[in-house]
Amino acid sequence: MVWTWRPNRNTGGRSMRRLKPITVMVAAGALAAACGSASTATSGGSGNTGKVGGKLLIDNESGSTWTCQFNPFNPSVNITSIGFVYEPLEFVNILQTNADGTPKVTPWLATSSSWSSDFTALTMTIRSGVTWSDGTPFTANDVLYTFNALKADPALDLNALWAVNSGPLTGVALQGSDQVVFTFNAPAQSYFYYVADQTPIIPQHIWSSLDQTKLDTAADTTPVGTGPYLMSNCSQDNIKYLRNTHYWQSKPGHPVPQVAEVDYPAFLSNTSANLYLAQGQAQWGAQYIPNIQSYYISKSPSTRHYWFPPTLNVSLFPNLNNPLLGNLAVRQAISMAINRSEVSQRGESGYEPPANQTGIVLPTYQAWYDKSLDTTSYNPSKAEQTLQAAGFTKGSNGIYANAAGQQLSFTIKSISGYTDWDASLQVITQELKAVGIQVTVQDEDSDPYTQDTQNGTFQLAYGEMPVAGPGPYYELRPLLFSGSIGSTNYERYKSSSTDALFNQYSGATPAQQLQIIHQISTVMAQDLPLIPIVEGVDWYQYDTTSFGGWPTPSNPYAQPPVWSTPDNGVVLTELYPVS
Amino acid sequence: MRYVTRRVGLFLITLWAALSVNFIIPRVMPGNEASAVLATYRGVNPAALHALQIEFGVNVHQNLILTYFQYIANCLTGQFGLTAQRVPVLTEIAGKLPWTLALVGVTTVIAFAIGTLVGVVSAWRRGGKLDGILPPMLFIVATFPVFFVGLLLLYVFAVTLNWLPLSSNYSIGATPSLTLPFIGDVLTHAALPGISLVVVTAGLWIYSMRNNMITTLAEDYVKMGRAKGLPSWRIMIDYAARNAILPNLTGFAMQLGYVLGGSILVEYTFSYPGLGYLFYTSTTDHDLPLMQALFLVYTLAVLVCVLLADFLTAGLDPRTRDA
Numbered sequence: 001m002v003w004t005w006r007p008n009r010n011t012g013g014r015s016m017r018r019l020k021p022i023t024v025m026v027a028a029g030a031l032a033a034a035c036g037s038a039s040t041a042t043s044g045g046s047g048n049t050g051k052v053g054g055k056l057l058i059d060n061e062s063g064s065t066w067t068c069q070f071n072p073f074n075p076s077v078n079i080t081s082i083g084f085v086y087e088p089l090e091f092v093n094i095l096q097t098n099a100d101g102t103p104k105v106t107p108w109l110a111t112s113s114s115w116s117s118d119f120t121a122l123t124m125t126i127r128s129g130v131t132w133s134d135g136t137p138f139t140a141n142d143v144l145y146t147f148n149a150l151k152a153d154p155a156l157d158l159n160a161l162w163a164v165n166s167g168p169l170t171g172v173a174l175q176g177s178d179q180v181v182f183t184f185n186a187p188a189q190s191y192f193y194y195v196a197d198q199t200p201i202i203p204q205h206i207w208s209s210l211d212q213t214k215l216d217t218a219a220d221t222t223p224v225g226t227g228p229y230l231m232s233n234c235s236q237d238n239i240k241y242l243r244n245t246h247y248w249q250s251k252p253g254h255p256v257p258q259v260a261e262v263d264y265p266a267f268l269s270n271t272s273a274n275l276y277l278a279q280g281q282a283q284w285g286a287q288y289i290p291n292i293q294s295y296y297i298s299k300s301p302s303t304r305h306y307w308f309p310p311t312l313n314v315s316l317f318p319n320l321n322n323p324l325l326g327n328l329a330v331r332q333a334i335s336m337a338i339n340r341s342e343v344s345q346r347g348e349s350g351y352e353p354p355a356n357q358t359g360i361v362l363p364t365y366q367a368w369y370d371k372s373l374d375t376t377s378y379n380p381s382k383a384e385q386t387l388q389a390a391g392f393t394k395g396s397n398g399i400y401a402n403a404a405g406q407q408l409s410f411t412i413k414s415i416s417g418y419t420d421w422d423a424s425l426q427v428i429t430q431e432l433k434a435v436g437i438q439v440t441v442q443d444e445d446s447d448p449y450t451q452d453t454q455n456g457t458f459q460l461a462y463g464e465m466p467v468a469g470p471g472p473y474y475e476l477r478p479l480l481f482s483g484s485i486g487s488t489n490y491e492r493y494k495s496s497s498t499d500a501l502f503n504q505y506s507g508a509t510p511a512q513q514l515q516i517i518h519q520i521s522t523v524m525a526q527d528l529p530l531i532p533i534v535e536g537v538d539w540y541q542y543d544t545t546s547f548g549g550w551p552t553p554s555n556p557y558a559q560p561p562v563w564s565t566p567d568n569g570v571v572l573t574e575l576y577p578v579s
Numbered sequence: 001m002r003y004v005t006r007r008v009g010l011f012l013i014t015l016w017a018a019l020s021v022n023f024i025i026p027r028v029m030p031g032n033e034a035s036a037v038l039a040t041y042r043g044v045n046p047a048a049l050h051a052l053q054i055e056f057g058v059n060v061h062q063n064l065i066l067t068y069f070q071y072i073a074n075c076l077t078g079q080f081g082l083t084a085q086r087v088p089v090l091t092e093i094a095g096k097l098p099w100t101l102a103l104v105g106v107t108t109v110i111a112f113a114i115g116t117l118v119g120v121v122s123a124w125r126r127g128g129k130l131d132g133i134l135p136p137m138l139f140i141v142a143t144f145p146v147f148f149v150g151l152l153l154l155y156v157f158a159v160t161l162n163w164l165p166l167s168s169n170y171s172i173g174a175t176p177s178l179t180l181p182f183i184g185d186v187l188t189h190a191a192l193p194g195i196s197l198v199v200v201t202a203g204l205w206i207y208s209m210r211n212n213m214i215t216t217l218a219e220d221y222v223k224m225g226r227a228k229g230l231p232s233w234r235i236m237i238d239y240a241a242r243n244a245i246l247p248n249l250t251g252f253a254m255q256l257g258y259v260l261g262g263s264i265l266v267e268y269t270f271s272y273p274g275l276g277y278l279f280y281t282s283t284t285d286h287d288l289p290l291m292q293a294l295f296l297v298y299t300l301a302v303l304v305c306v307l308l309a310d311f312l313t314a315g316l317d318p319r320t321r322d323a
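In order, the protein sequence lines correspond to chains V and Y.
For the first sequence, counting from 1, position 570 maps to 570 in the numbering used here; every step adds exactly one.
For the second sequence, counting from 1, position 7 maps to 7 in the numbering used here; every step adds exactly one.
By construction, these hints were calculated from the structure, which means they are not laboratory data.
The beta-carbon is built from N, C-alpha and C at its ideal position, and this holds for glycine as well.
One or more hints might be untrue.
Said to hold, decoys possible - Here are the in silico distance ranges between beta carbons for each label pair:
| hint | chain 1 | residue 1 | chain 2 | residue 2 | range |
| --- | --- | --- | --- | --- | --- |
| 1 | V | L174 | Y | T77 | 58 to 64 Å |
| 2 | V | K55 | Y | K129 | 40 to 46 Å |
| 3 | V | T375 | Y | V141 | 38 to 44 Å |
| 4 | Y | F148 | V | Q451 | 28 to 34 Å |
| 5 | Y | T77 | V | Q451 | 54 to 60 Å |
| 6 | Y | L180 | V | E261 | 55 to 61 Å |
| 7 | Y | A73 | V | K251 | 58 to 64 Å |
| 8 | V | T440 | Y | G128 | 40 to 46 Å |
| 9 | V | S300 | Y | G128 | 43 to 49 Å |
| 10 | Y | V28 | V | Y378 | 20 to 26 Å |
| 11 | V | K299 | Y | A17 | 32 to 38 Å |
| 12 | Y | V28 | V | D374 | 45 to 51 Å |
As the list claims (entries may be wrong) - Here are the simulated DMTMM-like cross-link-like pairs (lysine to aspartate or glutamate), alpha carbons at most 25 Å apart as the crow flies:
| hint | chain 1 | residue 1 | chain 2 | residue 2 |
| --- | --- | --- | --- | --- |
| 13 | V | K240 | V | D134 |
| 14 | V | K299 | V | E342 |
| 15 | V | K240 | Y | E219 |
| 16 | V | K214 | V | E342 |
| 17 | V | K55 | Y | D185 |
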């Protein structure tokens, strides 16, 4: 059966994980339960074969045609420039941890980095021998310039690094000729990810001639970077990249990158992108494909694979300012009434695994998980007992109410067009109804939805954080820190002890950080400020017919979807043509 | 002359009203560009909200009256600024306009030709076989929403039979050029959206044309023509159809608004990258400058067509000039 789905939001780096069927009748089949297990591939990460060649096609719905701008600080276009053309100082892999639980870091444009003992100064040694694609040498001055540009034009500071943009960064300076020192107004370990991995370095000799206060509107149609690829040709419907023959990782007998050409077509619809993948025309997919087993894998099971690593929780957010939802017993009852496996199977075809109440996404952040803290359980009868013990009585309509007669009847806000969420919420509605809690789903456009969740004008909301980071901290802090009320702390959780834990994190040792996350897991498991339901995943498909070296569950050397930057650049340096 | 000045005056007043509505509506829509970017693009740190608000001037409070006059001035001078993706609005529109213009233009002409012709012939042979089948059938189809017809065609010809492409304006990887294979590729991609538009609009032409024809055929000058022994095709075309077509010409302009509106739905259904699809994405992205410019383009297209139709009617029918 062919499916015609249209994602609600354009992806292409657009956040299209949720999908909307354009044709009800085309989609009006039963959602066949599909195999949710990830397949494993044989390829490893660092298998340089010494050969160069091939043309790799990327398949990722962009939702709109390309604008042929490559400004790495423009969130609507930067997925086509970061990783390909622009590179970070160090690569932080959010899917891999060292033995002590810290994320795995690979030096990139910097060769090393070190923190001062109080974690308020970060010194980075800049790599020598790297050149910009126009032949100009890359120096520490370019790094200095990039970070100063974020200060000169606050619209570029997308990770809010600088103190003027409410971040901790207060200064950046050269030390000697090849070192850059970042100074912070507080311990700032957690900002390492944003400074080292999430900030692409731009060439001073090109960008300094532009209006420094309007760099955010710079078109950058012919990007000059240090990355493995050169943007060769761009039209509305395709971007063609050719390998950078002077790439700094290349050595005699060890060419990097090995794939000669990369094409990135603009796909306006999920359907056309899925069809292109299924026909075997593209090799690297970041697509949601319903019935992936029959539609994609079965056409060439030995070469086609998928892997959906979970990175974020999709949760039910109770508005804690609501007197009924502010009652712990009600939240416990809701959590116990929901069968997360059922939601995962029926709402997400099993592609998104069930979540747990500690807030730690598994298996991705396994190192941070402590099973003894986990309180997740599906137990409808205990849910009712909890409500009764808290003084709620079941009315004649089967809905529990408190002594004042207030019924446990709520609306859940969700985003219209996110059909998988609608299906999940249907399961949740039925399960809550079974324990005497009535919920009604209210779909909104994503824009008003964002405002309502931020402003707290909702009773319950179904949602997730937009980005993951190297560890659960990067998801849990935006969710629970009281300073994030009004932005990402939808449920309006406020606890000075939890805030203190988050504040300690950036100055703590790895062992202490693990302790902190365990304590926050305890808060999640005992206080239930929000109720994780399933784990959101990265969609990723790959075909080994022409290329090897893909990230796999056994070798998760980078976040695999092509829109994940700068991970895409790491994947591009690892891929090799097979004959 | 008085007729022309009056029409032009009315055109200007309507344009001003449309511009003002265009100014107000996007401003009362919930949400803003900064939160739309966060909601739209993947992997953007929520902390970027601050940066994005600065970029799009979300929290900058401006004098509304002053903004209004600036906006009118910008509209008149064609300065539409940058889209939320930081592309000049005019570049973006210029890139998509040809596709919609070709799609809507060609389908409207085809629908007009088919509808008018079938109307003429079926009225001429009133009660005949053709008259019994085509007009009722097409008129029923014309009441279907255009996206419904589009989805139906999509399901039959693209999904089930796999004869025609599902979406887009040409094959992925094809290089635009004036060669036969590429033109063929474009035509196969335009077929389904085009047919959807023709099918739902042709019926309306038939209806009005057939009715006008029947009235006209009862006129004395038609009888006179017959009495003179003129060939029947000449009576049909020169005597009857020429007079009966007048209301359809005015309708042509009215229809254009309907077709343009329909093209938004059709382009969305078929992911056809024209103005309609752009309109859709600009709305979901809360892209104020793009939305306003597109609205202006659509309004202008309809208003100009209405104006031209008025002039054309005046040229064809002397009676209207005194009105």
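Now for the hints, and whether the structure bears them out:
no., hint, in the structure
1, L174/V with T77/Y: 58 to 64 Å, "violated, 46 Å"
2, K55/V with K129/Y: 40 to 46 Å, "violated, 57 Å"
3, T375/V with V141/Y: 38 to 44 Å, "violated, 59 Å"
4, F148/Y with Q451/V: 28 to 34 Å, "holds, 33 Å"
5, T77/Y with Q451/V: 54 to 60 Å, "violated, 33 Å"
6, L180/Y with E261/V: 55 to 61 Å, "violated, 27 Å"
7, A73/Y with K251/V: 58 to 64 Å, "holds, 59 Å"
8, T440/V with G128/Y: 40 to 46 Å, "violated, 57 Å"
9, S300/V with G128/Y: 43 to 49 Å, "violated, 57 Å"
10, V28/Y with Y378/V: 20 to 26 Å, "violated, 45 Å"
11, K299/V with A17/Y: 32 to 38 Å, "violated, 56 Å"
12, V28/Y with D374/V: 45 to 51 Å, "holds, 47 Å"
13, K240/V with D134/V, "holds, 18 Å"
14, K299/V with E342/V, "violated, 29 Å"
15, K240/V with E219/Y, "violated, 66 Å"
16, K214/V with E342/V, "violated, 50 Å"
17, K55/V with D185/Y, "holds, 23 Å"
Violation of the numbered hints given earlier is confined to hints 1, 2, 3, 5, 6, 8, 9, 10, 11, 14, 15, 16; the remaining hints are satisfied by the structure.
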